[in-house]
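Participant: These protein sequence lines map, in sequence, to chains A and B.
Quick note: the first sequence, position 222, residue 222 per our numbering, numbers continuous.
Quick note: the second sequence, position 127, residue 127 per our numbering, numbers continuous.
What the hints contain is simulated information worked out from the structure, not anything from laboratory work.
Quick reminder that beta carbons are idealized off the backbone N, C-alpha and C, glycines included.
Be a bit skeptical, because a hint or two may be false.
Claimed, not checked - Straight-line alpha carbon distances no greater than 30 Å define the calculated DSS-like cross-link-like pairs of lysine-lysine that follow: (1) K124(A) / K43(B); (2) K124(A) / K304(A); (3) K53(B) / K386(A); (4) K369(A) / K135(B); (5) K67(A) / K114(B).
As the list claims (entries may be wrong) - Covered stretches of chain A, going by a simulated chain B footprint (3 or more residues, C-beta under 8 Å): (6) 75 to 84; (7) 159 to 167.
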Amino acid sequence: MDHPENLGCLCCASSGPERLRTMAPAWRRCLFALILLSMLIGFLIPVANLAADEMRFPAPNFTSGYKLPETTIPEPTSEARQWIDVGVLLATLSLASWLAIKKRTRKGIFALMVFSLLYFGFYKQGCVCPIGSIQNVTLSLFNSNYAVPITVLLFFILPLAFALFFGRVFCSSVCALGAIQDLVILKPITLPRKLTIGLSMIPYAYLGVAILFAATNTGFVICRYDPFIGFFRLDGNAPYLYLGAGFLLSGIFIARPYCRFFCPYGVLLGWMSQFARWHLTITPTECVNCRLCEKSCPFDYVEKPNLGLARENRAVGTQRLGYLFCVLPLVIILGGWVGHRLSVPMSRYNHSVMLAENLLMEKSNPDLKPSLETTTFRTQGTPEAKLMAEAQLVRSRMNAGGWLLGGLLGLVFGVKLIGVSVSRTQKDYEVDKTHCFSCARCCPYCPSDAIHKGNFVPGNPAYDAALTVAKQEGTTPEAVAKGKRA
Amino acid sequence: MPAPGSKINTLNRFEFIRQGLGRVAAFGLGVVGGVTAFGARKKNTVWQIDPMKCTQCGHCATACVVTPSAVKCVQSYPICGYCRLCFGYFQPNAPELTSAAENQLCPTGAIERKFVEDPYWEYNIKEDLCIGCSKCVKACEMFGNASFYLQVRHDRCVNCNDCSIARQCPSDAWVRLPASEAYLLKHMLHPATQLKMELPQWTTPKT
Numbered sequence: 001m002d003h004p005e006n007l008g009c010l011c012c013a014s015s016g017p018e019r020l021r022t023m024a025p026a027w028r029r030c031l032f033a034l035i036l037l038s039m040l041i042g043f044l045i046p047v048a049n050l051a052a053d054e055m056r057f058p059a060p061n062f063t064s065g066y067k068l069p070e071t072t073i074p075e076p077t078s079e080a081r082q083w084i085d086v087g088v089l090l091a092t093l094s095l096a097s098w099l100a101i102k103k104r105t106r107k108g109i110f111a112l113m114v115f116s117l118l119y120f121g122f123y124k125q126g127c128v129c130p131i132g133s134i135q136n137v138t139l140s141l142f143n144s145n146y147a148v149p150i151t152v153l154l155f156f157i158l159p160l161a162f163a164l165f166f167g168r169v170f171c172s173s174v175c176a177l178g179a180i181q182d183l184v185i186l187k188p189i190t191l192p193r194k195l196t197i198g199l200s201m202i203p204y205a206y207l208g209v210a211i212l213f214a215a216t217n218t219g220f221v222i223c224r225y226d227p228f229i230g231f232f233r234l235d236g237n238a239p240y241l242y243l244g245a246g247f248l249l250s251g252i253f254i255a256r257p258y259c260r261f262f263c264p265y266g267v268l269l270g271w272m273s274q275f276a277r278w279h280l281t282i283t284p285t286e287c288v289n290c291r292l293c294e295k296s297c298p299f300d301y302v303e304k305p306n307l308g309l310a311r312e313n314r315a316v317g318t319q320r321l322g323y324l325f326c327v328l329p330l331v332i333i334l335g336g337w338v339g340h341r342l343s344v345p346m347s348r349y350n351h352s353v354m355l356a357e358n359l360l361m362e363k364s365n366p367d368l369k370p371s372l373e374t375t376t377f378r379t380q381g382t383p384e385a386k387l388m389a390e391a392q393l394v395r396s397r398m399n400a401g402g403w404l405l406g407g408l409l410g411l412v413f414g415v416k417l418i419g420v421s422v423s424r425t426q427k428d429y430e431v432d433k434t435h436c437f438s439c440a441r442c443c444p445y446c447p448s449d450a451i452h453k454g455n456f457v458p459g460n461p462a463y464d465a466a467l468t469v470a471k472q473e474g475t476t477p478e479a480v481a482k483g484k485r486a
Numbered sequence: 001m002p003a004p005g006s007k008i009n010t011l012n013r014f015e016f017i018r019q020g021l022g023r024v025a026a027f028g029l030g031v032v033g034g035v036t037a038f039g040a041r042k043k044n045t046v047w048q049i050d051p052m053k054c055t056q057c058g059h060c061a062t063a064c065v066v067t068p069s070a071v072k073c074v075q076s077y078p079i080c081g082y083c084r085l086c087f088g089y090f091q092p093n094a095p096e097l098t099s100a101a102e103n104q105l106c107p108t109g110a111i112e113r114k115f116v117e118d119p120y121w122e123y124n125i126k127e128d129l130c131i132g133c134s135k136c137v138k139a140c141e142m143f144g145n146a147s148f149y150l151q152v153r154h155d156r157c158v159n160c161n162d163c164s165i166a167r168q169c170p171s172d173a174w175v176r177l178p179a180s181e182a183y184l185l186k187h188m189l190h191p192a193t194q195l196k197m198e199l200p201q202w203t204t205p206k207t
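If we strip away everything but chain A, and leave its shape as in the complex, we get (with noise of 0.2 Å):
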C-alpha cells in the first residue's frame, strides 16, 4: 500500500504553481470535489491521520463465530500438461518426418496437419508456439533476469532439430499457422520471381527485429502480430481478426503466405532444413524427367533441371559475379546506416524509452496534459535519472542491434543476388531443400513412385497427369512415364 492518498486525485498530485494558473478550472473542481468526499468520510474514519501501512478500519471482532473465507486461488495449466505438450509435439514431429519420407503419403500429411490445427491451434489456443519461443529464447540469453522454462526452450530445439535431419516436417504438418493457411490453399497462382525473391527479404528482416526487440526487452513482435491466433482462441482484437483474415483469403492464391513472406521461424529452419540428412524427395528411385510434378507444387518449390539448356557466356557470368561481390560490401553498409536510423523510432517501442521521452516532452512543454504513464510515474516516486539510464542504455543497445541487423540484412541481400546469379548443373527434378515444406503434394504425381508402388493405374494421380499428357502427344501415360521427353 504506497501512499494511496496520492491516489486521490490526480490532477493535483504533480502540479506546480504554473499549473495551477493554467488548470484553474479543473483545481476548482478538484477540491471542491475533496472537501465533499471529506465531508464524507468524516463521519465514517475515526482517525483522522492514517499511516499507509496501517488499516484503516480495524478488524472486526466477530462474536457469532464467522469464520473468514478463504480466497479462492484457481490453479494454472499444470506442469505435467506442459510436458504432454512436448511429448504431443516430439510425437506429431517423428510421425510428420515418417509420413513424408517414408510413406510419402500426402493423405497422411494432411491427416496429421488437421489434428496440429485442433490440437496446437485450437485445443492449447498456439500459446507457446515455436515462432514464439523464439524471442523466450533470446530474453534468456540477453537477460539474466528471465530464465526459459525448460518446456519452452524443447519447443524451440525440437522442430530445428528435426528439420537438420528430415527437413522442415514442423512446417508440413505440426504447425498450426501453417496448418490453418494450408486447408485455404484453393487456385494458386505462380508469383514472379523477382516478386517472391523481394518478399523472401520479410522473414529475415522480421526475426531481426523480434530478436533486437526481445533482446532489450521491448516486446514480443512476433507473438503481438501473431494473424492466426485470434481464430484459434475465437476471440480477439479487430485489427488482428481483420489481419488474420487478410492472409486466409489471399491464401487462396497465394499459398500460404505467411510462411513463405514473414514466418521468422522459417528462417532458422530453412538455415537447418538445407542440410537435412535425409529429406523428402519428389521421386523414390531415379528422376526420369516426366515432368509431370512440374505444376504440383503450389509454393514453387519444385526446382527444374537445367542440363539441356543453353549455357550463358562465361565472361559474361564471371563479370556480373564480380559486380556483385563488388557491390556486397556497399549492400552490407548501406543496411547498416538505414538500421541505424531506424533504431530511435524503433526504441520508441520500449517502455522505458517512451516514458523517458514523454516525460521529457512534458518537462519543455508544461501546457501537455500529463499522460497516465507519466502521471503514473511520478506518483510511485521512481528516480527519474534512473528511468533515463535506462531509457538511454536501451536506445544505446537500440543503435548497436539497428547496425547489425541492417549490416545482416544487407549480407543476406547480397547473397541473395548472388545466389541467383550463379546456377549449378541439375539433371533432375528436385525440391528446394531450404525452402520445401515437406508437405508431400509432389509425391503422388511422381509416376516412378505409383508404378513403385503398383498402383500406376487410372485414379491415380500420376496416371491422370499422364493420361493428359498422353492424350497430347498421341502416346500412352505409360510412355509419359517413362520420361525423358524432349
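Given chain A, work out where chain B should sit, using these hints.
Facilitator: Only chain B this time, still in chain A's reference frame:
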C-alpha cells in the same frame, strides 16, 4: 586408385562445403540450446499483477485478449473492514445503503453484499460477472482498507507469451511468477497482517 563405384570419389568440393556448413548449423543449434538450457528453469511461468504496484488505471478490463478479462477483483478477507458503508460497493452518492442497482458502484453488479452480524457486512466477488474494471479496487484503496485488489485468474488466463495487458500497464505491475506460486495474495504482502511474503527471486519485469 579406388575401385569403380566406390563412395570416395562422390564427395566433390560442393558437397564437402555443404557437409561442413551442415555441421556448423548443428553445432550452432547445440550451442544456443546448451547455453539456454544452462540457465533454463524447470518450472513454467505465469503472469500476475503485483497489487502493491497496481494503480487501477482500468487497462486490465479493456486490453485482455480474453473477453471478459482474465483479470478479476479479489477480496482479501483478513484485510477487509466489513464496513456497513463499503466504498467499493456503494456509489459515492448512493441514495440509500441497499443492494438496489442505483446504489452500486460496480457496473456489472459483481459484488455480493451479505449481512454477517451488526455492524458487519461481508463482500464477495462474483467472478463470472466481474470484468476487472478496478472501480471498486480504486475506491476501496482510497477510502477503505484496500482489501479489494486485482489478480490474474488462472482458470481464465490463456497465458499469452506476450501479455497484451502487461504491454499497456503504466505502473510496471505485471510480473512473471513460477506456476507453482501463481498468485500475489495481498494479505500475505500486507504489512498490517504481519505475513510479509517475499517476491520470488526471479520474477521479471514486464516485457
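Participant: Hints first: check each against the structure and report whether it holds.
Facilitator: To see whether the hints hold, each was checked on the structure:
1. K124(A) / K43(B): The given pair, whose Cα atoms are some 18 Å apart, holds under the 30 Å limit.
2. K124(A) / K304(A): violated, 40 Å
3. K53(B) / K386(A): Satisfied, since the Cα-Cα distance of roughly 18 Å is no more than 30 Å.
4. K369(A) / K135(B): holds, 23 Å
5. K67(A) / K114(B): It holds: about 14 Å lies between the C-alpha atoms, which stays within 30 Å.
6. 75 to 84: Per the Cβ count (6), the hint holds.
7. 159 to 167: holds (count 3)
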